[in-house]
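There are 2 protein chains.
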Amino acid sequence: MTFAAASAVTARDDGTFGVEIADGWEIAGNANGGYLLAIAARAVTVATGRPDPVTITAHYLASGHPGPATVAVDVLRSGGRHSTASFTLADTHRTVLAGIATTTELHTHAGPVLIDVTPPDLPPPEECVLLVPGDPLPPPFVGQVEVRLHPDDAPFRGAPSGVARMRGWFRLRGGEPVDSIALVQAVDAFPPTSFNANLPVSWTPTVELTAHVRRHACDGYLACAFSTRNIAGGYLETDGEIWDEAGALVAQSRQLQLVPV
Amino acid sequence: MTFAAASAVTARDDGTFGVEIADGWEIAGNANGGYLLAIAARAVTVATGRPDPVTITAHYLASGHPGPATVAVDVLRSGGRHSTASFTLADTHRTVLAGIATTTELHTHAGPVLIDVTPPDLPPPEECVLLVPGDPLPPPFVGQVEVRLHPDDAPFRGAPSGVARMRGWFRLRGGEPVDSIALVQAVDAFPPTSFNANLPVSWTPTVELTAHVRRHACDGYLACAFSTRNIAGGYLETDGEIWDEAGALVAQSRQLQLVPV
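Protein sequences, first through last, are from chains X and A.
Using the working numbering, the letters of the first sequence correspond one by one to residues 1 to 261.
Using the working numbering, the letters of the second sequence correspond one by one to residues 1 to 261.
Bound conformation, chain X alone (with noise of 0.2 Å):
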């Protein structure tokens, strides 16, 4: 199943969007996180008539599961150059998430540029680590998608790198293009930066996760780079970047996350 059919979405007379949480795109046990917004953008982008989430944030409030779900969306806004619109996506049992968006069309050359960051430093993705479905780990996720580690980063392969840390490359399967929507799906599909972390942290449920969609992603690989410099209190946040192959940075994202105790 292509990417662009597992979050597709289907308008309904009432307003509502029916989706189907396809199978195999789930982490132990739950979907993806990142595939579970890009289903909602999906449905604020047809809801709002503007194909790119600029911003859309999401906070987690159940695990989703395979099987039929409804994502509501309530338009807040449309003006000139945005549309903002808030949207939960249930399951039949209880909502999943809820977040909020805001929809543009991007234009890659509007107004001045100042880009103070560079790509990660990556080998070719063919000698990067893929991940291929384990018992248990790596999830049955990684199947649905291509993410090749960094070999310094690859924690299933040899020990933790030690830094909170996750490099390395990203495509959907086959090299489907990637859209906004893609891009939505890329900043939630590394494994977690704390499994290079040397601490007794393992399983790091999200809370909340935004995306900022800065630049339509040309053809080929994205160079993707995850971080996190806050662990305490119980939470850690992780940062990422995404470039495209052309040396882009087409997405920014950050999210927080729950260190159990």
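FYI, nobody ran anything at the bench for these hints, they're computed from the structure.
Beta carbons: idealized from backbone N, C-alpha and C, even for Gly.
So, partial list: chain X residues that the calculated Cβ filter (under 8 Å) puts toward chain A:
1) I100
2) A110
3) V113
4) V117
5) P200
6) V207
7) G234
8) L256
Under 10 Å between C-beta atoms, here's a sample of chain X residues computed to sit facing chain A:
9) T55
10) A58
11) H59
12) V201
13) R214
14) V259
15) P260
Given the coordinates of chain X, work out where chain A should sit on it, guided by the hints.
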């Protein structure tokens, strides 16, 4: 007027909160976005019965002005550790902002710790540049709080530094204690980082602001650092870090701003 008074909320019988957007908190005629978000955050903490907005996001839909307003809070989930609520703040004419927050009771000493970032290197407060309202800049808002810029980052005093960064000290006027709501204010209390970039950028209205309140601040000044690394496509992001005088990282923030062209 204290910050506590300026951000007070009154529960109404219909479940909404009455607020009064105070005079004097404007920037270019519009109430400061962090001030408005602090009002909303206070309403959310009251509605959820939890004092700390560990993550809160707002999207700014219209400018806010002094006068009566209403915060509507919809509690979506209340669990053992977190409550999540969506909210809107509306004046008598229109919705000013909408967002979502998760509240908790922060515990400083919980779980493993890894902090891979340091406070900004600031001269003592008395050697920094106290912002006072001018005509037209700095705006009236700076008279409601105490912001002291690093001398190298004080564009009102001399030339822009050339680095899209703002560092300095923050406290509430008269040393009023800083609670978690005041931290939400602090993340949006500094002049735009773009004032220090050598670019034709001035007014950068906020599209979306997310704050993570990670820890209770001790008494004293807050050391603050804001930086922008990606100005492109008509947007920029500003990342903020707030440290207390004991050297603890108490809040992190990111906002997406429009770069009008």
